[in-house]
Amino acid sequence: MASNSSGGGSSDRQRIAQQRLRIIAGHLQGPVDGDSAILAAECKAQGSKTDVCREGKTVPRRRQEIMKWNGWGYSDSKFLFNKKGQAEFTGKRYRLSGMIIPGLKDWMEGTFGANLQHKTPATPLLTSSAVQPATLNKAFLEELKSTGIPFSHDAEDRVFRAHGHCLHEIFALREGKFGRVPDMVVWPNCHNDVVKIVELACKHNVCVIPYGGGTSVSSALECPPEETRSIVSLDTSQMNRILWIDEKNLTAHVEAGIVGQDLERLLNESGYCTGHEPDSMEFSSLGGWVATRASGMKKNIYGNIEDLVIHIRMVTPRGVIEKSCQGPRMSTGPDIHHFIMGSEGTLGVVTEVTMKIRPMPEYQKYGSVVFPNFEQGVACLREVAKQRCAPASIRLMDNEQFKFGHALKPQVSSIFTSFLDGLKTFYITKFKGFDPNRLCVATLLFEGDREKVLQHEKQVYDIAAKFGGLAAGEDNGQRGYMLTFVIAYLRDLGMDYYVIGESFETSVPWDRVLDICRNVKARIIQECKDKGVQFPPLSTCRVTQTYDTGACVYFYFAFNYRGLSDPVHVYEQVEHAAREEILANGGSLSHHHGVGKLRKEWMRDTVSNVGVGMLKSVKDYVDPDNIFGNRNLL
Amino acid sequence: MTETYRDSGRAGLEDEEEFVDILGERRRSSDIGFSLRTFSPHPYRGALSCSTADLNNAVLESQYLRYMAKEISMETGSSVEEVREDARGILEEMSQNLQLGFIRLMAYVLSKVLKRLFSSVLVNMEGLNALQQAVQESPVILMPNHRSYIDFLAISYIMFSYDIPVPVIAAGIPLAGMKLVGEILRRSGAFFIRRAIGSDKLYWAVLSEYVKTIVRRGFAPVEFYVEGLRSRTLKSLTPKLGMMHMVLEPYFKGEVYDITLVPISISYDRVLEESLLAHELLGIPKPKESTTGLLKASKVLQEDYGSMHVNFGRPLSVRQLCEGRINRGQYNLVPRDLPQKPSEEAQACVSWLAHLMVRVQEEGSLISPWSLMACLLLQAPATVLSEEGLLWHQLTEKTLWLRKLALDFGARLNWPGHVPDLDVISSTMAIHRSVVHRKAGRVFLVQEDEPARKHPVSPEEGVAKMAAAMLMLASYRNQSVHVFLRPAMLATAVRITKSTQRDELFAFFCFLQDVFSNEFIFIPGKSSQDFEEACFLLKKCGAVHVSQQEVTASAAGLEVLSFLQGLLQPFIDSYQVMFRYLCEDAVHVFSEKQFHPAVRNLATNLILSGELHTYEALSSDMQKNVLSALRRLETVTKLRASEQNEHKVDQAAVRRIGDVLSGKIPPQMLQTPPDARL
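Protein sequence lines, in the order shown, are assigned to chains D and H. Under UniProt numbering, the residue at position 246 of the first sequence is numbered 246, and the numbers go up by one with no gaps. Under UniProt numbering, the residue at position 384 of the second sequence is numbered 384, and the numbers go up by one with no gaps.
Okay, chain D solo, but in the shape it has when bound (with noise of 0.2 Å):
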């Protein structure tokens, strides 16, 4: 697979070997705590095919075994400049891992004004003295210990799941600040646990937040503060295991805790794919995807989780809902499945999944086209749409964009290739004329078999040639879409030298993209400037998937926050008003993060107050004691 999966199969094995050993050890240490006795206990298995090792997973219980209690990612991952001054990425889990990037401190430096010497590093430990005490309902945990379930409340496993990857989540940690944080985490090993669990929490009035990944946006995992009764967070990631693949219908029914990188590995090794790959599937998991109506880069091929699913088994506090059969398609009223997707933990937790699988595409080719202009970048994407000729994933950064891209280029082994690169360069600004300051660049995924890979190609880049645009040559695109894997680590880089940044994205009419776009940065750029912002944000924006009538855009936007006394806030009202912008210029609250906690408040214009009631009639029916209390969307 492209580029998420490190650089080999060698480094692979090397990591799933100490995983291995880690868990041994583990099981050799016993109950770390006395009193978070974690204890084991098998499910039943469900269905035919459970022979799937549970070693090769991902995900542990204590996912402070291998991630960052206050940054993205694998803790062996990071950017850091080294002695010399030279930007680099640990680890060897990436294609950039362990490589130097010589264009990244100019960059900084010179969009944000940056500067080496000024340091904000993080809290190195988390103090679990600073986290609040437990609030544990005791009847509950005395009934849920008989059950076996394991569970813990130590400090660093709820701190854990208490967040999602809002910047003000991520800031906070740093700082290290904990507000309300879940009293105790249940970690179920199968549906049958869910229920039990979800029962208990209904007979003692305990309020239950489902966490799958962790990689929300939308401060969807956060505990409301207001909420007194004990929070239980029922961490999914155990729940990880292919139950069947039906070869003849292709479909594979998957417990929800998977991951999407596992989901994709193990499938892979039977031949097949979901083809479901949203930017954070290293870590994301299917309840969550689920959960908020999740959007792969794909998806032009696979199309989104809503194409995808095609049965889905839910744990609600009235009971367990799905549908009777698998029919490809039902006229049998609304369609229930459209109350759970994007239902964002409100009405129960997601235990199984019945999905689509494809066999493994035979042939993949990256590529990348370098327009003039981004005008007649998106006039080409709409072009595509209009055709319905998509590949698998075509994305258009703007200028800045294609200038970070640049940026995070790694250092080139041989003269030959930065001399290749200087003669591109060349032929593209001075040959074809193309201003560097204004040239944009999109990169695209074909994915088939190999034939018609090539015949699309084709058609692509005619089609292209068309809006002034030049092929750019495979490596440009590939980078392009490694670049989606790693910039939530660069934020974290960004972090240590005062800048902050985020992402935000929304769905849009193709004759607005343009207005949007320009209006979405320049009400950024103002906003900056206005609340004293002391240095020019960076503001860029990109194109990431097409559809017959529009298309998605994400906008990038960080600043220096030198000099301001609180850098969240200032970064929070510019975000807010950035989301005015959008919906004021026809885009949507949300393509597919979600609305959470963060952006409810646009709710009732955006599905009326009589959809609203509709939504708040299904969560009084379904959860009267809101017991699936996170409180996000409504």
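I should point out that these hints are in silico values taken from the structure, not numbers from a laboratory. Please note: incorrect hints may appear among the correct ones.
Chain H residues, not near chain D, derived (Cβ > 10 Å throughout) [said to hold, decoys possible]: (1) D54; (2) S73; (3) S78; (4) I90; (5) L114; (6) S119; (7) M125; (8) L202; (9) G254; (10) E255; (11) Y257; (12) N327; (13) V384; (14) S547; (15) E584.
Rough simulated footprint, nothing fancy, chain H against chain D, three-plus residues with beta-carbon under 8 Å [claimed, not checked]: (16) 150-162; (17) 436-450.
Quick reminder that beta carbons are idealized off the backbone N, C-alpha and C, glycines included.
Chain D is fixed; fit chain H onto it per the hints.
Leaving out everything else, chain H in the frame of chain D:
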């Protein structure tokens, strides 16, 4: 740029602005050299240059015009191609053809003309610098007031001098009809709009798409007169909303990030057309715009018109102004390039902005000493002005007193500080010797003397002769009337209601705003701020005491109050005359054609009988305003079926308004919904 001019008349205000005489340089160096200067403006950074053909093509090919063509062809039965052909014709008639060569020609000619006419053309550099910045940041709309033909191109001339992109200018179609000149104007950036568009759907469609395309592309600023036309009375006109809506819509619909409005106040010491205007107001039609007419008018070049001030206002962001006034999301559900009736919210927002712009223009205009003198002269009895003469020293003393009051009220005065006050007044009188002259320590009004009279002057002719001079004076008073207006309304309320109660005064104040909102510019929905402002200013100059509940005249304030009441009196009296006419038994249904001469007759008789002391009821402008006001208040209604533009009067209602205005009955609220015509 050497001769800087500090108008120390505004010394009382904190921001002393620097005006530069742009003719100074012109008088020293060659005009040819100037017109051939390197012109390198920085246009709006997002804009690509755009040729006339490109622009016209974009307009014709727009989704909006295609849709409209289809719709109109369905309605009229003609083919879509025919309609599109018509659209092309309209566009050809309309479109500008801005060319640098012609700008240079214009720069050359205007240098000559301006130097001949004016002693100086003063421009505030601060505003110009801000504009220079603004044009780079977003599409800019230049919004000058319109007081003289010479306004036209004056802005372009200044832009050319300071390397700012030359605007495209909305002009009335009669200008296009002028031989040669029309074409020169077109090539200097003018585009031409028909006067009475009425319900011509295609014309509206072409015009609005044309204007919006220019704004969206932002390759040149758009200049237009929000007042719609040249003010014959030198008083601001109620803004026209059609054009305003067109330039704002690209922002409402998110097609541009922001639009910058730049109000520009042009003020003249003496207006070229002064006597023409006065005659026009008395019903003598203005000469048709023609090239020969223009050449004949060249005799105006012989006279001295003092100086011209062009004050560029602070650039205003539409985005900021409209915050909370417009929900841009309202355009989300219908394709933006389909015709859509503007929502009430949008209409109200446009109207508010348009009124605001006119108010800013007013506040930015420079008040000349002459205007202050005109205020005072108009308060002297007509016979004094025509026969006995007004004592010179009285006039000068009073003028200096009024100068102080005007400064207290925040006016921008054009009063040179380095010259003795008496000299200022004398030289101002000299410029206006066609209106007043000084003999033996007294000041007289100059009345036109027609050569070779065969018969003695009839009393009616006598009135007409006085009227021309009086209306000229009134026009110059109008240049500063906005400075005193709000306090004057409060002073009038105090006199007429004889009350000291704030709420009663406020009710009458609102009533006056209601009656006079076609006469003066009031920003919709701002009555209470206007009232507060009036209280504040009167208190500031010591004319009243203000408490929570009461506003009481102070003993020392008599002079101020009576001056202010006197300022508004001609308006009240004239309105009453017209109300009186409309309440006559014979007048239930009347046409506009009858109305003007009939009111003129009545007013003439009343003047002769000594009952009416103002000549302003004779002004066709005021007559029109009364009709508009009454129509707005729904006491006069236009008969739909009528071809002669006939109106029906609700005499009882008119009488009621008259009675409130004279204080016989207290004001019942005559509030009408905000004026939001398009």
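Indices of hints not satisfied (ascending): 9, 10, 11, 12, 16, 17
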